[in-house]
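Protein chains: 2
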Amino acid sequence: MEVTSPIRDLIERLKQGDVSALARSITLLEEGSLDIPSVDTLLGAANPSLTIGVTGPPGAGKSSLIDWLIKHMRDEGAMVGVLATDPSSPFTGGAILGDRIRMQHHFLDEKVFIRSLGSRGAQGGISRITRDAAHLMRAAGYRYIILETVGVGQTELDIMNLADTVLVVLVPESGDFMQAMKAGLMEIADIFVVNKADRDGAKQMVNALKFLTESPESGTGAWQVPILLTNGLDGSGTKDAFETVRRHTVFLEHHRQTGQFLRKRQHGLKQLIVEQLSVKIEDLINEVLADRYRAELMDPSVSLYSIFNRVMQDKGFTGKLFG
Amino acid sequence: MEVTSPIRDLIERLKQGDVSALARSITLLEEGSLDIPSVDTLLGAANPSLTIGVTGPPGAGKSSLIDWLIKHMRDEGAMVGVLATDPSSPFTGGAILGDRIRMQHHFLDEKVFIRSLGSRGAQGGISRITRDAAHLMRAAGYRYIILETVGVGQTELDIMNLADTVLVVLVPESGDFMQAMKAGLMEIADIFVVNKADRDGAKQMVNALKFLTESPESGTGAWQVPILLTNGLDGSGTKDAFETVRRHTVFLEHHRQTGQFLRKRQHGLKQLIVEQLSVKIEDLINEVLADRYRAELMDPSVSLYSIFNRVMQDKGFTGKLFG
Numbered sequence: 000m001e002v003t004s005p006i007r008d009l010i011e012r013l014k015q016g017d018v019s020a021l022a023r024s025i026t027l028l029e030e031g032s033l034d035i036p037s038v039d040t041l042l043g044a045a046n047p048s049l050t051i052g053v054t055g056p057p058g059a060g061k062s063s064l065i066d067w068l069i070k071h072m073r074d075e076g077a078m079v080g081v082l083a084t085d086p087s088s089p090f091t092g093g094a095i096l097g098d099r100i101r102m103q104h105h106f107l108d109e110k111v112f113i114r115s116l117g118s119r120g121a122q123g124g125i126s127r128i129t130r131d132a133a134h135l136m137r138a139a140g141y142r143y144i145i146l147e148t149v150g151v152g153q154t155e156l157d158i159m160n161l162a163d164t165v166l167v168v169l170v171p172e173s174g175d176f177m178q179a180m181k182a183g184l185m186e187i188a189d190i191f192v193v194n195k196a197d198r199d200g201a202k203q204m205v206n207a208l209k210f211l212t213e214s215p216e217s218g219t220g221a222w223q224v225p226i227l228l229t230n231g232l233d234g235s236g237t238k239d240a241f242e243t244v245r246r247h248t249v250f251l252e253h254h255r256q257t258g259q260f261l262r263k264r265q266h267g268l269k270q271l272i273v274e275q276l277s278v279k280i281e282d283l284i285n286e287v288l289a290d291r292y293r294a295e296l297m298d299p300s301v302s303l304y305s306i307f308n309r310v311m312q313d314k315g316f317t318g319k320l321f322g
Numbered sequence: 000m001e002v003t004s005p006i007r008d009l010i011e012r013l014k015q016g017d018v019s020a021l022a023r024s025i026t027l028l029e030e031g032s033l034d035i036p037s038v039d040t041l042l043g044a045a046n047p048s049l050t051i052g053v054t055g056p057p058g059a060g061k062s063s064l065i066d067w068l069i070k071h072m073r074d075e076g077a078m079v080g081v082l083a084t085d086p087s088s089p090f091t092g093g094a095i096l097g098d099r100i101r102m103q104h105h106f107l108d109e110k111v112f113i114r115s116l117g118s119r120g121a122q123g124g125i126s127r128i129t130r131d132a133a134h135l136m137r138a139a140g141y142r143y144i145i146l147e148t149v150g151v152g153q154t155e156l157d158i159m160n161l162a163d164t165v166l167v168v169l170v171p172e173s174g175d176f177m178q179a180m181k182a183g184l185m186e187i188a189d190i191f192v193v194n195k196a197d198r199d200g201a202k203q204m205v206n207a208l209k210f211l212t213e214s215p216e217s218g219t220g221a222w223q224v225p226i227l228l229t230n231g232l233d234g235s236g237t238k239d240a241f242e243t244v245r246r247h248t249v250f251l252e253h254h255r256q257t258g259q260f261l262r263k264r265q266h267g268l269k270q271l272i273v274e275q276l277s278v279k280i281e282d283l284i285n286e287v288l289a290d291r292y293r294a295e296l297m298d299p300s301v302s303l304y305s306i307f308n309r310v311m312q313d314k315g316f317t318g319k320l321f322g
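Those protein sequence lines, which keep their order, are chains A and B. Anchor point for the first sequence: position 72 equals 71 in numbering that gives the first Met the number 0, and the numbering is continuous, going up by one each time. Anchor point for the second sequence: position 102 equals 101 in numbering that gives the first Met the number 0, and the numbering is continuous, going up by one each time.
There's no promise every hint is true.
Which copy is meant is left open, so a pair is good if it fits within one copy or across any two.
[What the hints assert, rightly or not] Pairs of lysine to aspartate or glutamate, DMTMM-like flavour, derived with a Cα cap of 25 Å:
1) LYS279 <-> ASP313
2) LYS314 <-> ASP282
3) LYS269 <-> ASP239
4) LYS110 <-> ASP39
5) LYS14 <-> ASP298
6) LYS279 <-> ASP157
7) LYS263 <-> GLU242
8) LYS263 <-> GLU252
9) LYS70 <-> GLU274
10) LYS269 <-> ASP282
11) LYS314 <-> GLU281
12) LYS181 <-> GLU286
Please keep in mind that the hints were generated in silico from the structure rather than gathered at the bench. Since the model is a prediction, treat every value here as computed from it, not as a measurement.
Model the full structure from these sequences, guided by the hints.
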């Protein structure tokens, strides 16, 4: 995609911390009018930042936990961004407006940027939008970027894979627990948060989680997944959750050579390649369907393979990639 | 993929009708060592041929119908090929050897080539292998190419999309009927064959199918899906089935301009593009995972986008396709 001069200006303003430029850029992402790989050099080297995934079943209290995390991050003076894709979250407008405002203690804080994401016109899906939006936020100087999803499908797991640290939020209900296990949340959790910890069954849930997360590798430098108790109403335990996130960051930093960091990055690059090239394939197909190769298609003596070869040639493709 | 001299020789022999060259080529396809777009010019213009899909639930009698169709085709003197992907079919070795031989009346006929397909080492799945194998058979002079699948999943529907004419084979059992409807067989049928027509319920099934296939467009040049009764044991109705296939071909020929032919070809080209490029993307990803970009991946200050851009550059990609 060609980088036009208005896009250059927008990126420049975004890098200077202009919130409206950031909001506009994310809208362009959603509309498919901004291609991050093309502007990557303009964005410059990534600022040090932490991407934190928060996932769990609907009603687990993700939003109130995030509210408290934002508070602890703001106490540090850092800029915080939230990208929400959970349709049941008050951040994405799933709840009524009153709720939405009530829950967002940080609604009027200029250093907190909250955005719900959709993929209106863009190809490649919501996980691509989320990754690209997080990248823009890093360039805009956000120190913490929180990704909120409801833990159900592959798309949500893909989004969580974008995070450095993943918090899985559960409430003491065995049904939720089973669902979370089935959804693959056990495998992606760096930290478990049992919310509404005053409820019956909290202790049993903690025990079950301990049983499931105990690693035979413990003591050999592996991360032992902590299980924390919180209460979204009074915020108890949430400071500890924030400090555990920081501890996980230090762990990642120390163990960069040992695999997890590399695996995450490899996975991310893989996802990026698949998404970017899939979008291009879709463009190509739309062109094919738009009657461009009609004459060849109507002639049964011309094989589809030779039309395919012609399409590749027409697109100026002579590189080694598909050689 | 580079076309080596042994491959050139193989294609040359195949075009001269050498059955062992055809068999070997299909094995190479399955192993991922033969790339049809690269050899398409060597294969030359496609011979006139008919590709006939035969699908339906397991036990519907697809194989015995195919056996009879082969007979009628051979009575014309034409060469016939069968590509079977139904794992329950005797053609693919799903049944015991005795069955296999008993059912293949044409086992010793040199002009009948029967092959069960798998996708051992090849990327892109069994529908790609089937399409490419059918293309090789056309180059080898086969007039009729029968594709047999069990009607269950998307892969099987993809294979049926490769056929000019699709026969859906059912037996008079309401369970099978419901399953076939759910599997999307109603939409792809050009001809319905109710096999084991002597069984109870055959008439009701025919009535139900008539009800479902009656098109409001009838009389305006649309194809009215015929519903035929056959008996695999004595072959009754199978000659009619064959003649209906021929009638459908004439219909397609007459209505080439009206859409169905173009839609099939567009769909085929789309599938080809997706498959071919997906395979290349997978190759690219394997390279990325093979530690080639390890240094960049280990450095958190290098963004994944810039690594992506470097990967594209390294692959010599400077064309407009991804511009």
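The hints, checked one at a time:
1. LYS279 <-> ASP313: Answer is both; intra-copy 14 Å and inter-copy 18 Å each pass.
2. LYS314 <-> ASP282: both (11 Å within a copy, 21 Å between copies)
3. LYS269 <-> ASP239: Intra 34 Å, inter 53 Å, cutoff 25 Å: neither.
4. LYS110 <-> ASP39: For LYS110 and ASP39, the Cα distance is within 25 Å only inside one copy (24 Å; across copies 60 Å).
5. LYS14 <-> ASP298: Close across copies (22 Å), not inside one copy (54 Å); limit 25 Å.
6. LYS279 <-> ASP157: For LYS279 and ASP157, the Cα distance is within 25 Å both inside one copy (20 Å) and across copies (22 Å).
7. LYS263 <-> GLU242: within (22 Å within a copy, 59 Å between copies)
8. LYS263 <-> GLU252: within (13 Å within a copy, 54 Å between copies)
9. LYS70 <-> GLU274: Classified as neither; 34 Å inside a copy, 49 Å across copies.
10. LYS269 <-> ASP282: Result: close both inside a copy and across copies, 20 Å intra and 11 Å inter.
11. LYS314 <-> GLU281: For LYS314 and GLU281, both the intra-copy (14 Å) and inter-copy (21 Å) Cα distances are at most 25 Å.
12. LYS181 <-> GLU286: The answer is neither: 40 Å in one copy and 32 Å across copies each exceed 25 Å.
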